[in-house]
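Trainee: Each chain is listed here by its residues.
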Amino acid sequence: MSSTLHMHGGIGESIKRKEDARFLRGQGHFLDDFVLPRMAHMAILRSPHAHARIKSIDTAAASAKPGVIAVVTGELMAQHKLAWMPTLSGDTQAVLATDKVRFQGQEVAAVIAETKYQAEDARDLIEVDYEILQAITSPDQAKESGSALIRDDKEGQKDNHIYHWESGDKAGTQAAFAKAHKVVRLNTFYPRCHPAPLETCGCIADVDGVTGKATIYMTSQAPHAIRTVFALVAGIPEHQIRIISPDIGGGFGNKVPVYPGYVVATAASLLLGRPVKWVEDRTENLISTGFARDYHMTGDLALDKDGKMLALRVHLDSDNGAFFADAQPSKFKAGLFHIVTGSYDIPTAHVTADGYYTNKAPGGVAYRCSFRVTEASYLIERLVSNAAMEIGMDQAEIRTKNFIQPEQFPYTSATGWIYDSGDYPKAMDVALKQLGYEDLKKDVEARRKKGEVTGIGIASFTEVVGAGPGADYDILGLRMFDSAELRVHPTGKAILKLGVKSQGQGHETTFAQIVAEELGIPAQDVLVMEGDTDNTPYGLGTYASRSTPVAGAATALVSRKLREKARKLAAHLLEAAEEDLEWERGKFFVKGSPEKFKTIQEAAFAAYTNLPEGMEPGLEGVHYYDPPNMTYPFGTYAVVVDVDKGTGQVKVKRMVAVDDCGVRINPMIVEGQIQGGLTEGYGIAFMELITFDAEGNCIGSNLMDYLIPGSMETPKFEIGQTVTPSPHHPLGAKGVGESATVGSPAAYVNAVIDALSPYGITNIDMPVTSDKVWAALRSKGVTE
Amino acid sequence: MKVSMRVNGAEKSGDIEPRVLLVDFIRTNLGLTGTHVGCDTSSCGACTVLVNGDPVKSCTLLAVQVDGSEVKTIEGIAQGAALAPIQVGFHEEHGLQCGFCTPGMMLIGEELISRIPNPTDEQIRWAISGNICRCTGYMNIVKAVQHAAKLTATAKEPAGKEAAMAGGGE
Chain B
1 MSSTLHMHGG IGESIKRKED ARFLRGQGHF LDDFVLPRMA HMAILRSPHA
51 HARIKSIDTA AASAKPGVIA VVTGELMAQH KLAWMPTLSG DTQAVLATDK
101 VRFQGQEVAA VIAETKYQAE DARDLIEVDY EILQAITSPD QAKESGSALI
151 RDDKEGQKDN HIYHWESGDK AGTQAAFAKA HKVVRLNTFY PRCHPAPLET
201 CGCIADVDGV TGKATIYMTS QAPHAIRTVF ALVAGIPEHQ IRIISPDIGG
251 GFGNKVPVYP GYVVATAASL LLGRPVKWVE DRTENLISTG FARDYHMTGD
301 LALDKDGKML ALRVHLDSDN GAFFADAQPS KFKAGLFHIV TGSYDIPTAH
351 VTADGYYTNK APGGVAYRCS FRVTEASYLI ERLVSNAAME IGMDQAEIRT
401 KNFIQPEQFP YTSATGWIYD SGDYPKAMDV ALKQLGYEDL KKDVEARRKK
451 GEVTGIGIAS FTEVVGAGPG ADYDILGLRM FDSAELRVHP TGKAILKLGV
501 KSQGQGHETT FAQIVAEELG IPAQDVLVME GDTDNTPYGL GTYASRSTPV
551 AGAATALVSR KLREKARKLA AHLLEAAEED LEWERGKFFV KGSPEKFKTI
601 QEAAFAAYTN LPEGMEPGLE GVHYYDPPNM TYPFGTYAVV VDVDKGTGQV
651 KVKRMVAVDD CGVRINPMIV EGQIQGGLTE GYGIAFMELI TFDAEGNCIG
701 SNLMDYLIPG SMETPKFEIG QTVTPSPHHP LGAKGVGESA TVGSPAAYVN
751 AVIDALSPYG ITNIDMPVTS DKVWAALRSK GVTE
Chain S
1001 MKVSMRVNGA EKSGDIEPRV LLVDFIRTNL GLTGTHVGCD TSSCGACTVL
1051 VNGDPVKSCT LLAVQVDGSE VKTIEGIAQG AALAPIQVGF HEEHGLQCGF
1101 CTPGMMLIGE ELISRIPNPT DEQIRWAISG NICRCTGYMN IVKAVQHAAK
1151 LTATAKEPAG KEAAMAGGGE
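One line per chain: the protein sequences are B and S, in this order. For the first sequence, counting from 1, position 22 maps to 22 in my numbering; every step adds exactly one. My numbering runs 1000 ahead of the 1-based position in the second sequence.
I should point out that these hints are in silico values taken from the structure, not numbers from a laboratory. Note that CB positions come from ideal geometry on N, CA and C, so glycine has one too. Be aware that a few hints might be false.
[Stated by the list, open to error] Here are some chain B residues pointing at chain S (derived, C-beta under 10 Å):
1. Ser2
2. Phe23
3. Trp165
4. Thr200
5. Thr679
6. Asn697
Sequences and hints are given; from them, build the entire structure.
Mentor: The structure is reproduced here in structure tokens:
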């Protein structure tokens, strides 16, 4: 029994989580926990080379190993027209390589065996003869004339360029720059990192030999969209595909795409008539599945003599890897990067982006981020702090001076975004007060005089989440609505079914609370179901902080639909007119006679037992919600660091995070999300890096090389809040799961650069490791 | 080869290849799936179990190496229907989100409290420093262990009802 079990669990109550019960006992149902009768195991052979032509594949020795059921190559997949699959960005991706391998870790062949150990043993006996080709590991190298053509499989593809994309007003921006008093430039690289959820990706494909029904258990953040993609790829009728996403051990964007392993396992199950399980190991996860970032960015900010921002010009080169497989809305080739004007009232802006193929893993997922908003937020927040340094203005003051003001909302940005609501000065004010900014600045001055290296960093981010309005947001043509189906049983207990899918966000609690608030049934009496496409309404899934903005709104609206029917039932029971009834959470009462009331449970019982003449029985409904706009959470983060001159080591002394995500449904869960995001933001700023050597070997292919923050590194956070409701969301809520990862890296790095600024150091790209800081200090003669 | 051990108080044995990892023996042969695999390189701690009372990473140990030992997994820490103090602490302080690292974190926490009844922030952070959590950011995990330590101390006194009453969702 939970200490909050007695509570109603409406909006704003920090009730303890319903889903904890099974996880606390080790009784969660994660993918690898499932064992099906006659289940076989699959292991994938991956390319050791970044770029090579396949001359031959010899599977004889592998096939002869005990326990081996089948060895699958690209040739076999091609016979079934499954050697290639479409990506979420409208490109193609090899399922198993037939012609060339294009990144280290690419899928080449698969072994299906009775046990996992047998499958892995046999995999190591497959012999592949490769002719090694030049590896291309950066956009700059991809651009060079005469460099190897990576996608020679694509007709008409003459070079390694994927796309050019623009947003904003080129001429207006040029004109504004011509009149600028000062132009500040920042060249920065947001390096490749990886969401690395603690549970890796995997699936169990189970194709029924009699009915042809394909049941696929999968670590998927977007089971419904995956079902449709499978129908399109494999040609299986969609009603014959059932995707079940069980408990998921973290996602952070990594579990949105379709991976080749899913397709091979499904094909193998179809051909063998047995369930086939495939679970990748950590190295496979880090070297082959959806990476994040890898944006090379140049930003120019035009200022007048008072530090007012006049215009912003940004160019970025995107490193997309060997296949353009970004998981993002199809209209926006560089994601939502053009939110790059951030929290500032910048009259004009122009953004250009070019994408390139390289011999690196494909993916381009948003690691705890709404489609590249993280890169945008990082660039503008770093640029604004550097501008403050260059013109000698306080970094809080330059922000406050240029903020979009509360009365300007709804605000249309220079690149066309319509911000729903915000109070940026207030969030800044709360953060600075909590920090004790004025005293802290004096302290920094005093300590610098003593030779200490110390600094303060601020970032005032604005995010854009909750994709999204169907007219502009789709993935492979699927509009990005979401859904909720609510059934109230005769005894007043309810089941809520959603198109989204939790990976730890606590949906079973939060969404029950929305019903508790809107329909008055206590949260404990509402069971939330997700992740089974046969038994939940269609939705686009959980990523990009869209669950509360979209599915949360759908839940509120379906609850209100049922409440209106319940009003009719209550009126019938009370023998009163509908319009004479008042609603108070959980009951209808007759105006002026509060003792004459019927509870929601009594109304629900009547829906099955005692109906007004002509009313359809039952109390259930479904709502599909197409949001009218995105939501725009924001906040101010402030960081204090000390830097060790001798070693370059950075110590985060304080981290104050003030978030505004509108109305908070379960404040405990919201704060948990923020703390987690600040930790991942710390990891990205200081530790996490996927990089490559000149041959295209992935460095960062295990958790000894890809460093994730642990309990000793992770700072303690000071959390604050303001509440500015979204005017268009039925509950006034905005998304929050990713704010901290979006906003915090710039705050951490700004603090380090502020500390190093007395020595003329203006930039260090992430991750800001001790060796980079030490080298920067050494280059200025500060340390030996 | 034959291997036998006491797991969560019951005798368990199996006939396995010598190369079978302890985590695979626990998950596959014994069907105890609360012990998870996150990295295969003993970096993440999702596979933590207690062997003769000490936390070990079961992905980097052969099952035959613990032949004859006492093994405790997450399935062994609740006391019947009532949750153990460490489970109550994690629930009450929101010390878990996706739940994948949670079994390892709780076993570490319980073992720590058995040695240090009232651990400090730093002692807890050090104890869990070999375990990675991607979701919570550690602050609530630290609080969860401290909550459990208080409950454990109270439970040793006669009126230890809170442990039985609190925690565990539905």
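Trainee: Run every hint past the structure and note whether it holds.
Mentor: Cross-check of the supplied hints:
{"no.": "1", "hint": "Ser2", "in the structure": "holds, 6 Å"}
{"no.": "2", "hint": "Phe23", "in the structure": "holds, 3 Å"}
{"no.": "3", "hint": "Trp165", "in the structure": "violated, 32 Å"}
{"no.": "4", "hint": "Thr200", "in the structure": "holds, 8 Å"}
{"no.": "5", "hint": "Thr679", "in the structure": "holds, 4 Å"}
{"no.": "6", "hint": "Asn697", "in the structure": "violated, 18 Å"}
Hint compliance for this structure: hints 3 and 6 are broken, all remaining hints hold.
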